[in-house]
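Protein chains: 4
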Amino acid sequence: MESRFSTEIKVRFAETDAQGVAHHAAFFVWLETTRIEYLARFRGGYRELREKGIEALTLEAYVRYFAPAHFDDVLTVSARAGDLSGARFRFDYEIVRGEEPVAEGWTTHATVDSKTLRPTRIPDWLVHAIEQAEARG
Amino acid sequence: MESRFSTEIKVRFAETDAQGVAHHAAFFVWLETTRIEYLARFRGGYRELREKGIEALTLEAYVRYFAPAHFDDVLTVSARAGDLSGARFRFDYEIVRGEEPVAEGWTTHATVDSKTLRPTRIPDWLVHAIEQAEARG
Amino acid sequence: MESRFSTEIKVRFAETDAQGVAHHAAFFVWLETTRIEYLARFRGGYRELREKGIEALTLEAYVRYFAPAHFDDVLTVSARAGDLSGARFRFDYEIVRGEEPVAEGWTTHATVDSKTLRPTRIPDWLVHAIEQAEARG
Amino acid sequence: MESRFSTEIKVRFAETDAQGVAHHAAFFVWLETTRIEYLARFRGGYRELREKGIEALTLEAYVRYFAPAHFDDVLTVSARAGDLSGARFRFDYEIVRGEEPVAEGWTTHATVDSKTLRPTRIPDWLVHAIEQAEARG
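Residue numbers (the working numbering), protein chains in the order written: chain C, 1 to 137; chain H, 1 to 137; chain A, 1 to 137; chain W, 1 to 137.
With a straight-line Cα cutoff of 30 Å, these simulated DSS-like cross-link-like pairs (lysine-lysine) come out:
id, chain 1, residue 1, chain 2, residue 2
1, C, Lys10, A, Lys115
2, A, Lys52, A, Lys115
3, W, Lys10, C, Lys52
4, W, Lys115, W, Lys52
5, W, Lys115, H, Lys10
6, H, Lys115, W, Lys10
Covered stretches of chain A (chain H as the covering partner; in silico rule of three or more C-beta atoms under 8 Å from a C-beta of chain H):
id, segment
7, 11-24
8, 29-35
Facing chain H, according to a computed beta carbon distance under 7 Å, are these residues of chain W, among others:
id, residue
9, Phe28
10, Leu59
11, Arg64
Since the hints were derived computationally from the structure, they do not count as laboratory data. Source: prediction; values computed, not measured. Just so you know, even glycine gets a beta-carbon here, dropped at the ideal spot from N, CA and C.
I would like the entire structure built from these sequences, with the hints used as guidance.
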């Protein structure tokens, strides 16, 4: 997975909890910012999707925690999109601190019409862009 | 201020930070939930405002912290509305743990049309309800 | 699962996002507050665990979303503890709005010594309390 | 204030609310990340302060909102430290989107011993570093 897309997150103080480490719910926010950065490489990304009246709903979210993340840590979150079919897609993630695994996770999503909330196909330009990006990976 | 409206907040673990106490930004969320509970006593409250196409924007927010709040603490947040004039209003708050002052603060707000985002008068029913509530206080 | 422990959550405005519904990461916070309420029935609950130098780490967290949750919705989160063995345990959750399923999820946890962060057995009083509570369920 | 320290914040989707804009409490988190970046230029910054057993408490926090911030907006947060005296200091902030003012605010802080929570002087190295940085500004 060396060629996988990745982005960096610096753990905010507000994201820590009284255990002295990043709160486990914060990881889901980091996965989301990673998804958004991932999609931002293609045309207008998630912002354009939303402006075109398409919402991407989260259907499932899962994280497995290996090691605590601390305030000010710089984490690398890598992501891979896949399982694109019709109105559904999936992201897989790895979070590391340098070489050390911190967490892994995955999320599944559906694209819906933002007015009717009914499923709507992922736009072709996005399907192709993702497929090409992942084929290179 | 004994007759002031008040509500209770239990500090969530997710709201604590690595200092072992509630993060200072969490207080602004508690002030908001208090405002919403305050307004919920009148007709449909904030939810009805929003459904009628009125948004209440926050113009300013201020908190002064006296003592840390800890995980699982039960805090009493009291609120008083005032300075209603046209499209603007203000809330003042006190946060205590039993008899102990924890924080105080205030917020100012404007009502706007949710489509145009232009200022719109606070509905009369709400002005009257608040004035009566505070006159009793 | 009718006799399962449950608690109520009112969706905060701060928990909504620009899709107009509760952000998916907020659900993990609700699961945590539910766990804490669940444990609060036994002696000093999670707070006592922490004061005794035991931390409960989250190892995994999963949520499946069925329907959006809106601002001001009152949700019922039910929880069941199980798979207690040594230093590990698991919670299963259901989130409903009245009769309507909104989400389900589960989390796994390990108890560790808060100084060494090494695994430490769940205290017997807690194991017995949970087993009795669930046997009744 | 052209030479003032500044950092960039990209508005996260999780920071938006059902009004479609960044929630007002998120701004306080951005001010905090800005303070931390500000201090990070001097020795070990906030992280070193904490490791040396000094905590910086927030005594007051204030934000005035001029314009909504939207998902994916890149905001520039500039900060200036001042009023250093003994165990207290203050930060003033401006948040802009390009040339457009979005918000301004200020926070006051006290340094305390992290064990006793009693006031403790700001370390000399930090006082000098801040004074030099601001003198240049």
